[in-house]
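Undergrad: This is what each chain is made of:
4 protein chains.
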Amino acid sequence: MQLLDQSIDDSVFTQHESEVRSYCRSWPTVFTRASGSHITDQTGRQFLDFFAGAGSLNYGHNNPVMKSALLDYIADDGITHGLDMATVAKGKFIEAFHGKILQPRRLDYKIQFPGPTGTNAVEAALKLARKVTGRESIISFTNAFHGMTLGSLSVTGNSMKRAGAGIPLVHATPMPFDNYFGGVVEDFQWFERVLDDSGSGLNRPAAVIVETVQGEGGINVARAEWLQALSELCQRRDILLIVDDVQMGCGRTGEFFSFEAAGIKPDIVTLSKSISGYGLPLALTLFRSDLDVWSPGEHNGTFRGNNPAFVTGATTIDHYWSDDALTRDVHAKGDRIHTRFSELCDTFSGISTRGRGMAQGLVFEEAAAAGKVSASAFGAGLLVETSGPSDEVVKLLPPLTISNEDLDRGLDILAESVKEVIG
Amino acid sequence: MQLLDQSIDDSVFTQHESEVRSYCRSWPTVFTRASGSHITDQTGRQFLDFFAGAGSLNYGHNNPVMKSALLDYIADDGITHGLDMATVAKGKFIEAFHGKILQPRRLDYKIQFPGPTGTNAVEAALKLARKVTGRESIISFTNAFHGMTLGSLSVTGNSMKRAGAGIPLVHATPMPFDNYFGGVVEDFQWFERVLDDSGSGLNRPAAVIVETVQGEGGINVARAEWLQALSELCQRRDILLIVDDVQMGCGRTGEFFSFEAAGIKPDIVTLSKSISGYGLPLALTLFRSDLDVWSPGEHNGTFRGNNPAFVTGATTIDHYWSDDALTRDVHAKGDRIHTRFSELCDTFSGISTRGRGMAQGLVFEEAAAAGKVSASAFGAGLLVETSGPSDEVVKLLPPLTISNEDLDRGLDILAESVKEVIG
Amino acid sequence: MQLLDQSIDDSVFTQHESEVRSYCRSWPTVFTRASGSHITDQTGRQFLDFFAGAGSLNYGHNNPVMKSALLDYIADDGITHGLDMATVAKGKFIEAFHGKILQPRRLDYKIQFPGPTGTNAVEAALKLARKVTGRESIISFTNAFHGMTLGSLSVTGNSMKRAGAGIPLVHATPMPFDNYFGGVVEDFQWFERVLDDSGSGLNRPAAVIVETVQGEGGINVARAEWLQALSELCQRRDILLIVDDVQMGCGRTGEFFSFEAAGIKPDIVTLSKSISGYGLPLALTLFRSDLDVWSPGEHNGTFRGNNPAFVTGATTIDHYWSDDALTRDVHAKGDRIHTRFSELCDTFSGISTRGRGMAQGLVFEEAAAAGKVSASAFGAGLLVETSGPSDEVVKLLPPLTISNEDLDRGLDILAESVKEVIG
Amino acid sequence: MQLLDQSIDDSVFTQHESEVRSYCRSWPTVFTRASGSHITDQTGRQFLDFFAGAGSLNYGHNNPVMKSALLDYIADDGITHGLDMATVAKGKFIEAFHGKILQPRRLDYKIQFPGPTGTNAVEAALKLARKVTGRESIISFTNAFHGMTLGSLSVTGNSMKRAGAGIPLVHATPMPFDNYFGGVVEDFQWFERVLDDSGSGLNRPAAVIVETVQGEGGINVARAEWLQALSELCQRRDILLIVDDVQMGCGRTGEFFSFEAAGIKPDIVTLSKSISGYGLPLALTLFRSDLDVWSPGEHNGTFRGNNPAFVTGATTIDHYWSDDALTRDVHAKGDRIHTRFSELCDTFSGISTRGRGMAQGLVFEEAAAAGKVSASAFGAGLLVETSGPSDEVVKLLPPLTISNEDLDRGLDILAESVKEVIG
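Residue numbers (this note's numbering), protein chains in the order written: chain A, 1 to 423; chain B, 424 to 846; chain C, 847 to 1269; chain D, 1270 to 1692.
These aren't lab readings, by the way, just hints derived from the structure by calculation.
Worth double-checking, as some hints may not be accurate.
[What the hints assert, rightly or not] Label pairs and their calculated CB-CB ranges:
#, chain 1, residue 1, chain 2, residue 2, range
1, C, Arg1069, A, Gln235, 32 to 42 Å
2, B, Asp432, A, Pro296, 18 to 28 Å
3, B, Asp499, A, Glu405, 18 to 28 Å
4, B, Phe604, A, Ser11, 29 to 39 Å
5, D, Arg1505, B, Gly522, 51 to 61 Å
6, C, Ala1070, A, Ala367, 31 to 41 Å
7, C, His1165, D, Pro1333, 48 to 58 Å
8, B, Asn827, A, Asp324, 35 to 45 Å
9, C, His1165, D, Thr1616, 50 to 60 Å
[Said to hold, decoys possible] SDA-like, lysine to any residue: derived pairs with alpha carbons at most 20 Å apart:
#, chain 1, residue 1, chain 2, residue 2
10, A, Lys161, B, Thr556
11, D, Lys1369, D, Ala1636
12, C, Lys946, C, Lys1111
13, D, Lys1688, D, Leu1560
14, A, Lys67, A, Ser322
15, B, Lys688, B, Asp752
16, C, Lys1007, A, Asp76
17, B, Lys490, B, Asp500
18, C, Lys946, C, Lys956
19, B, Lys490, A, Leu3
20, C, Lys977, B, Thr556
21, D, Lys1379, C, His862
22, A, Lys161, C, Asp1043
23, C, Lys1111, C, Arg1069
24, C, Lys956, D, Leu1272
25, B, Lys554, A, Ser26
26, A, Lys372, A, Ile413
27, D, Lys1379, C, Asp856
28, B, Lys523, B, Pro719
29, D, Lys1336, C, Leu850
30, C, Lys977, D, Lys1369
31, C, Lys913, D, Asp1345
32, C, Lys1007, D, Ala1684
33, B, Lys795, B, Thr770
34, D, Lys1641, D, Tyr1292
35, C, Lys977, C, Gly1143
36, C, Lys1265, C, Leu1190
37, A, Lys161, B, Lys688
38, B, Lys490, A, Asp76
39, D, Lys1641, D, Leu1560
40, A, Lys131, B, Ala798
For glycine and all other residues, C-beta sits at the position ideal for the given N, C-alpha and C.
Modelling step: build the complete structure from the supplied sequences, incorporating the hints.
TA: The structure is reproduced here in structure tokens:
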């Protein structure tokens, strides 16, 4: 019998897998196949997926363009595992990434392939920033999320996840993210003041790490002017600026990099999630070429050379990033979502909306309502997750390639769920 | 033109990739395809691969059994990226792993899927050990290698890699690995003494983390009795024992877990590298079920659910671990290598050998000779890497599935290279 | 020849003492005797002392009341060095301190005698707060000064002094002291917000440590309402409040404890400097009796029992703190200084004034002017030091017992110096 | 009524002082006066003092030579509190210390006066070592004791005291003190090996801190050849050697510095306890003049200039260290103690002895016996303390100036107590 036609009992997971499992609790079914914006469970039920692998499936599930390239490569015995050996697949990816992503944007970045996870890209970024500057301290922002390994966790805000470390997390200081005080406090007032003041007690930072839109933090959007001011502040004070674009990069906000709209050029950038275009593990740490002070092998990792991901990644870039069609499309769909969300906010009290491009959030004054809306949507055939410090935000990350019909259908379901929960 | 028939210029890597790249410097060519124990470059030259993805390709490159299952799964639109959602592919992997690996060995472990890299599995292990015990300190061993993220790096010995952190690495204390003093000092003399002595200044450890054979450290083999004594020491003193089986697990030393031969049952085990069987990123942290104190989502990661790796992993277990044929085969081939190495040691002065199963090392008194042997072997069509604190060890990790003919041919090349360098 | 009639060449200090010496550079002479508000150098020149041992000589140099008790005690072979053995001198001190200081103020504090320095009292306070709460993080304030040993230094603001540690100072986060933004930001806005927000990234603190008036920080005065709000915030959130009263306690601001005016009761209080009343080393850590979780000897130190200091300390309390005369006197003299400083500010531009009781500062817009004023005053026979992150504040700490004539004379000298420097 | 004729009730201490008090529990009485080797309680009972302020009263209680100088100085209104201002008293101390201690021993040390406690001297030493080398890690030894502030505590062995920190103590690694394995392991085998091995995981240390005889650790004596080897090891490897001579300096082992007998010259030395000669708080950090990289005021402290202690300290040096009479006397009395202790060991089983000069220990196999002997001796009129990780050592630190009669009488009492407890 074909693998995908076999049936799995839920007890397989509850008995043998750790209690750490999470999403499977919100969506209690066993999934089998997926395509585009749809995912199917073993009972044959189909769901619309507005979650998209937490931003890893920007081009939908099993996108046929990349699928075809992937099948060919595997069938042809292309190298699968290559560490950091030079391979044709890796070379093609670098050519595509350099030629179609970096060069047109005049970004003079060296490319590092750390282990194929976002947290590994962040760890490499933090290590490099400390090595280059000789300083130890990193500035992070309230409600930041950068990963679960010790270095990344120390710049992550969530207290439950921080407690998981089992040791005090140090060498990082949080600063208020944009709009943290609802606009009543001048941007960077506190940050600039403690930097200016030699008696402030703040260790001089090696780097600032920031997400332009905080996904896990609750779709908190930094304004372009705030990002510009941050970038200028870092330049003035010789602090490196790291943009963690793991979730918001790869077109999620429209442009390939989420920081493009602000017109800034970070010193270091991390990418992962959708960079392979197919949901395969891959991560990149990019940095100004003059910062490339690594010794050979100083940061390594077994799965740096996940060649199938290079193949799908290069194909993705060629197919989607040779012109600006996708960018325009994302902006249009983002507006579509925003319009519908605004209507909901006008209709119901206790909710508000925020977002950029196709990362959009519906914020519930009563935090628990968000989870109820998500559960209700699941019942109606829609996957959508919550985020924010109190899980008070329904967080929309649909595939960028979703059809307008599917988008509308999902938004209809969501509207119904909102009505049901708080109407 | 097919991807794999295209040509890549070396400048793609030297100009655009970070100086951190490493293996591509030892093996300066561009690889394309691979199969079994062979890997081919774009000039069509074929190499015998005694490196096997640093232990990630125990079943050879693109093993046809797993390849077939993988192609079917992808073609059939099986879910690629699933976070920790329940999927059929994941369920089949758990069933296979539980039924054919854990149960027959009477190992009552819960399975955690951290991010799909070894270092992530180690980070999860360290966090859990600290959370369970409420202690912060970890005992590691001289010349240990556990990964590059901050938590794992703090228990790694290599000073160059440690310096990459840019901050002091703390909360870990090294102890002498087995035979560190050439047998003249009683095992655990120092460790037991400082544990016994309330005035020793050693912070009471949460856990000990150990490799049964240190791969990166230079193929340093811990004796069974040393591992048993370590295990008993940990039990007596309520310290958790973590075996990092990322490189030595999955049959590398014969048995599935490298600690089986010693008859011990660690509290926590990490697996990665060859666990997918195909070189695809996957990692597991296993622990005694009573240690499963994780809260849902307390440790997470985007690529936890690399479903293609579940498919190949389950297939690997079914195919290779339903009986003990592979184990016996590995022991036989390990003996074969050992015999040839012993002959070399008898023939030439300044070399010695050590190893277990199919992890075997040739140790050069003059450290630089190891690198020369590796370079010479590459010239003769054999990939083999060096390890050890001074890169003084030629480290053999051929695919477990290599044919005796290929094994002999590779050993012949190696013998020639040794003769050339130090003969 | 009598010791004090001998002459010392300056080269004794420049050749044999470390470059770390500091005050002797501002006041380049060799002092011999001192009495009340006057100090004499070996050339016979007399200086008026508005520095008073940086707040250690609140009752003047060699106050005859304590001097007499001290001479009697020494002559009578009273115990000099007693560690924490019970002695009559210690008993009398505790009786006086409990009966005349704590009891009338309804402060139910246990008394700990750590090593006889302010920094040791702070270290004991931090250790106890961490031990009681099981948390590691401490909140300090911008421009705080708490001492030079590693624990105290980590909650001290000054970047030059912090750099002296040679290791990253962690486990502490600075918050804005009162009026840090000139009144445009609501008190504790940032602090409360990050405490409220489980995603802020702030480790939940064990304690807050605060000076009511920051002496080294530049005579920064916390308003009573700010201190009250801080105290309430700590109570609401189960965070311990430590008031470091090393410099501002012992009547410097009028009342015995500097926090009395705000009507708050800190959980832990540190005292040192003027607590012996005679400039002899002594320090106390006071805490709510229910926080007394110390094990015997868990914090110790050789000079905890500096019995001559107990003798002068008990005498001081009996003599000066049996009624409120001194308090009223300090307020009156504080007003006198403030009036004169306000006149100066009206007369000259570029200066402002702030202070409480007999801790008063003259703040210079052009930082360097403060040092020039201090130097000029020294030339005219007045010792007065500077403080603040840029040494921009002339800091007045005259003996509380100074006569009005001497006070006026010193203020006249200071006015002349100000005129000379910025007039 | 004279202060010393007043009576103090024990409840003063039990009700108002913290539970942290320690010695007063072993010696439950209230002391009043003391002179030479004798100390008297308020009931008039006299005790022979073989404890001597834990080594702070090497010249006995209230030595008349220093007492006279001290009374004169106070009566004459000599400066009491001087921070680091130049004073005649300080100048005389430096002249004496330089001329009679440093110069004859050809020790080219700069003198730093940190806060007047041993722990402060250690903190300054550690900071300087880190600042000079740019490294963070310190090597300490098993059963070391260096103080209770955070930096010193991190290099202290005692687990109960370490736990008092409330945070993980890091940046220090313990190594085995001399004879830690009873002679069966080569000296520095482990230390040298991990320094040699670039893969050992040991952070390269800034400094080693060592006591030549560990007092608190149980009178553990380092052999001269061990200290020489340590010194050479440090020189060879560019690691600074800090000798903490707080307890064993000032003649306790015969020579002024305890390291003289080994013929080594440490890079940094700490002194405190008996340096004032009278039990008054004072501490020194000495270092090679080329290491004097301190900035002015980079390490400071309120009671650095405890001028009465300079007066007694200078007098002590002039009186006791102008020739080698005291040194010879200490050796002779040390031999006397050792002879008596050896006789005890020959007479009773379960005890052994060790020590140097007038720091001598009687070690009980059954740890509890040591405490019983100490209690019995107290009952018979002798103060003697216990030390060691299990308080298994009766630790003798009589005044160096004790008469032979008193010494014999005390040793008789001790012999009786030993007989009573284990006879």
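Undergrad: Compare the structure with each hint and give your call.
TA: The hints, checked one at a time:
Separation of Arg1069 of chain C from Gln235 of chain A is about 37 Å and conforms to the stated range, judged on CB atoms against 32 to 42 Å. Look at Asp432 of chain B against Pro296 of chain A: about 20 Å separates their beta carbons, and that is inside 18 to 28 Å. Checked against the hint of 18 to 28 Å, the C-beta distance between Asp499 of chain B and Glu405 of chain A comes to roughly 25 Å, which is consistent with it. A hinted range of 29 to 39 Å is violated for the C-beta pair Phe604 of chain B and Ser11 of chain A, which are about 50 Å apart.
Look at Arg1505 of chain D against Gly522 of chain B: about 58 Å separates their beta carbons, and that is inside 51 to 61 Å. Here the CB-CB span from Ala1070 of chain C to Ala367 of chain A is close to 37 Å, well matched to the stated 31 to 41 Å. Here the CB-CB span from His1165 of chain C to Pro1333 of chain D is close to 30 Å, at odds with the stated 48 to 58 Å. Remark: the range hint 35 to 45 Å for Asn827 of chain B to Asp324 of chain A is contradicted by a beta-carbon distance near 57 Å.
Between His1165 of chain C and Thr1616 of chain D the Cβ separation comes to about 57 Å, which falls inside the hinted range of 50 to 60 Å. For a cut-off of 20 Å, the pair hint linking Lys161 of chain A to Thr556 of chain B stands: about 17 Å separates their Cα positions. Using a Cα cut-off of 20 Å, the hinted pair Lys1369 of chain D and Ala1636 of chain D is violated, with the two alpha carbons roughly 42 Å apart. For the given pair, Lys946 of chain C sits about 17 Å from Lys1111 of chain C by alpha-carbon distance, which is consistent with the 20 Å threshold.
At roughly 52 Å between alpha-carbon atoms, Lys1688 of chain D and Leu1560 of chain D are farther apart than 20 Å, so this suggested pair is violated. In summary, the hint linking Lys67 of chain A to Ser322 of chain A is supported, as the alpha carbons are separated by about 19 Å, within the 20 Å threshold. The straight-line distance between the Cα atoms of Lys688 of chain B and Asp752 of chain B is roughly 24 Å, outside the 20 Å bound, and the hint therefore fails. For the hint linking Lys1007 of chain C to Asp76 of chain A, the alpha-carbon distance of about 64 Å lies beyond 20 Å, and the restraint is violated.
A hinted pair counts as satisfied when its Cα atoms are at most 20 Å apart, and Lys490 of chain B with Asp500 of chain B qualifies at roughly 15 Å. Restraint check for Lys946 of chain C and Lys956 of chain C: satisfied, since their Cα atoms lie roughly 15 Å apart, inside the 20 Å limit. Taken as a hint, the Lys490 of chain B and Leu3 of chain A pair is honoured in the structure, with Cα atoms around 14 Å apart against an allowance of 20 Å. Our distance criterion of 20 Å between C-alpha atoms is met by Lys977 of chain C and Thr556 of chain B, whose separation comes to about 18 Å.
Distance hint between Lys1379 of chain D and His862 of chain C is fulfilled; the C-alpha atoms sit about 5 Å from each other, no more than 20 Å. Pair hint Lys161 of chain A plus Asp1043 of chain C holds up; C-alpha atoms about 14 Å apart against a cutoff of 20 Å. About 15 Å separates the Cα atoms of Lys1111 of chain C and Arg1069 of chain C, which keeps this hinted pair within 20 Å; it holds. Distance check on the hinted pair: Lys956 of chain C and Leu1272 of chain D sit about 24 Å apart at the alpha-carbon level, beyond 20 Å; violated.
With a C-alpha separation of about 25 Å, the suggested pair Lys554 of chain B and Ser26 of chain A falls outside the 20 Å cut-off, and the hint is violated. Among the hinted pairs, Lys372 of chain A with Ile413 of chain A is consistent with the structure: their alpha-carbon atoms are about 13 Å apart, no more than 20 Å. Note on Lys1379 of chain D and Asp856 of chain C: the hinted pairing holds, with a Cα-Cα distance of about 15 Å set against a maximum of 20 Å. The straight-line distance between the Cα atoms of Lys523 of chain B and Pro719 of chain B is roughly 27 Å, outside the 20 Å bound, and the hint therefore fails.
Restraint check for Lys1336 of chain D and Leu850 of chain C: satisfied, since their Cα atoms lie roughly 16 Å apart, inside the 20 Å limit. Distance check on the hinted pair: Lys977 of chain C and Lys1369 of chain D sit about 46 Å apart at the alpha-carbon level, beyond 20 Å; violated. A distance of roughly 11 Å separates the Cα atoms of Lys913 of chain C and Asp1345 of chain D; the hinted pair therefore holds under the 20 Å criterion. Taking the CA atoms of Lys1007 of chain C and Ala1684 of chain D, the gap is about 52 Å. The hint is violated against a cut of 20 Å.
Between Lys795 of chain B and Thr770 of chain B the alpha-carbon distance is near 18 Å, which keeps this suggested pair within the 20 Å criterion. A distance of roughly 15 Å separates the Cα atoms of Lys1641 of chain D and Tyr1292 of chain D; the hinted pair therefore holds under the 20 Å criterion. Annotation: proposed proximity of Lys977 of chain C to Gly1143 of chain C holds, straight-line Cα distance about 15 Å (limit 20 Å). This hinted pair checks out: Lys1265 of chain C and Leu1190 of chain C have alpha carbons roughly 9 Å apart, not beyond 20 Å.
The straight-line distance between the Cα atoms of Lys161 of chain A and Lys688 of chain B is roughly 29 Å, outside the 20 Å bound, and the hint therefore fails. A distance of roughly 11 Å separates the Cα atoms of Lys490 of chain B and Asp76 of chain A; the hinted pair therefore holds under the 20 Å criterion. Between Lys1641 of chain D and Leu1560 of chain D, the direct Cα distance comes to roughly 47 Å. Violation of the 20 Å bound is thereby established for this hinted pair. Distance restraint check for Lys131 of chain A and Ala798 of chain B: the Cα-Cα separation of roughly 31 Å exceeds the 20 Å cut-off, and the hinted pair is therefore not satisfied.
Figure legend: structure checked against the earlier numbered hints; hints not met, in rising order: 4, 7, 8, 11, 13, 15, 16, 24, 25, 28, 30, 32, 37, 39 and 40.
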